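Participant: Sequence:
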Amino acid sequence: MLDPLFFPYMGGTEKVVKEVGARLVRNHGHEVQVLTSMIPQANGSEVEYIDGMQVIRSPSLYLERLPGFLPPPFTLSPLIRREIMGRCAGADVYHVHNRFWYPLSIYHEARQRGELSLTIHNARPRGISEQVDRWGGLFDDIVGRKVFELCDHISCVSQATLDDTIPIDHQDKAEVIYNGVDISLYRPGLDASELRETLGLGPGPIILSNGRLVEQKGFPTLINAMRLVRDAIKDAQLVIIGRGPMKDDLIELARKNGLEDSIRFVTGIPEEELPRYYNMCDVFTLASYYEPAGIVLLEAMSCGRAVVASDVGGIPEMISNDCGVLVPSRDHEALGSELIRIISDTNLRRSMEHAARNRAVDHFDWDIIARRWDLSYREIVE
Numbered sequence: 026m027l028d029p030l031f032f033p034y035m036g037g038t039e040k041v042v043k044e045v046g047a048r049l050v051r052n053h054g055h056e057v058q059v060l061t062s063m064i065p066q067a068n069g070s071e072v073e074y075i076d077g078m079q080v081i082r083s084p085s086l087y088l089e090r091l092p093g094f095l096p097p098p099f100t101l102s103p104l105i106r107r108e109i110m111g112r113c114a115g116a117d118v119y120h121v122h123n124r125f126w127y128p129l130s131i132y133h134e135a136r137q138r139g140e141l142s143l144t145i146h147n148a149r150p151r152g153i154s155e156q157v158d159r160w161g162g163l164f165d166d167i168v169g170r171k172v173f174e175l176c177d178h179i180s181c182v183s184q185a186t187l188d189d190t191i192p193i194d195h196q197d198k199a200e201v202i203y204n205g206v207d208i209s210l211y212r213p214g215l216d217a218s219e220l221r222e223t224l225g226l227g228p229g230p231i232i233l234s235n236g237r238l239v240e241q242k243g244f245p246t247l248i249n250a251m252r253l254v255r256d257a258i259k260d261a262q263l264v265i266i267g268r269g270p271m272k273d274d275l276i277e278l279a280r281k282n283g284l285e286d287s288i289r290f291v292t293g294i295p296e297e298e299l300p301r302y303y304n305m306c307d308v309f310t311l312a313s314y315y316e317p318a319g320i321v322l323l324e325a326m327s328c329g330r331a332v333v334a335s336d337v338g339g340i341p342e343m344i345s346n347d348c349g350v351l352v353p354s355r356d357h358e359a360l361g362s363e364l365i366r367i368i369s370d371t372n373l374r375r376s377m378e379h380a381a382r383n384r385a386v387d388h389f390d391w392d393i394i395a396r397r398w399d400l401s402y403r404e405i406v407e
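Residue numbers (the numbering used here): 26 to 407.
Bear in mind the hints are in silico, worked out from the structure with no lab data behind them. If you're wondering where the values come from, they're calculated on a predicted model, not measured in any experiment. Don't take every hint at face value.
Only pairs whose alpha carbons sit at most 25 Å apart, straight line, appear in this in silico BS3-like list of lysine-lysine [as the list claims (entries may be wrong)]: (1) K198 - K171; (2) K272 - K40; (3) K281 - K259.
When you get a sec, could you build the whole thing from the sequences and use the hints?
Facilitator: Structure (structure tokens):
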């Protein structure tokens, strides 16, 4: 598997690689190598084993500051091709997890040595910003099309991602394989009373959101919606988990809305603590403007939380009507209204919580997703 970033850095893509890779080793007998960049958070070793996977870290330049329309961090790893020709030369399948990062020479080199698979974690950009939409679309029209031609197999994290990103003439080798969730870690019934006290939250209802503090996640819409929620439910609180370049702007927006005492920003939460945050909330929300497939929604659902989310990208494929509500993107009034409705109706909320847990267990358990990948790999090499 090729991913420019990997554990201990843990974005959505990195979580997919780690969770699926570990299960392919443990449950399906695969040998898995992860070829990635050397990052400051790693222990400095070029080769290590994580959950049975051999992780090879290529010397890299790590950049945390980029032009505004490019989301950091970014790595430059000039020796990746050498690793494909050396320590990774014997692979049956080369599985790329970031189409924007690798030069075409890497795809050519990998395809000469084995089958080439690509997962589209980020759909063609639409509705993020003028710059991102333009440059992302230009990439897919020029470079992306050549990448799709080279690949033997393409997977997408949602049907919306496939439809928006893969040209018609390459859709015959594309399929949808959803992201998943660890249903044993993310489970309902965890005591969060101490966490509520630590955060200084009162006894009122809690709304939770989790994501990078970047434009596409829609936090300005959520903060504006929170003003409406506070007008209706005076003791409601909003907790936002995440870090990113918009944090200062969001704090200022909260201040302008008179919400300084109603919103908490928290960062650096270890994954093993996240389930308590989900259990602490009364409703989880994701106000994204662009979202191919939000793993955080699955985590909230697996913890038995009702969800309110934007009707964009792959989100409608994850949320059924009985476990959550979809609202138009960028519509803070609709978002606020649904948050108020679910918080105020205990019976409705309890019904949604039960349905959300069942949907996560039945459809999005990482074990189910890993079995799909095992079948796909076997079909690719036949």
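Participant: Next pair to validate is K272 with K40; report whether the Cα-Cα distance is within 25 Å.
Facilitator: 23 Å, holds
Participant: Does the alpha-carbon distance linking K198 and K171 stay inside the 25 Å limit?
Facilitator: With a Cα-Cα distance of about 14 Å, the restraint between K198 and K171 holds, given a limit of 25 Å.
Participant: Starting from K281, check that the Cα of K259 is at most 25 Å away, please.
Facilitator: 17 Å, holds
In summary, the structure agrees with every hint in the numbered list given earlier.
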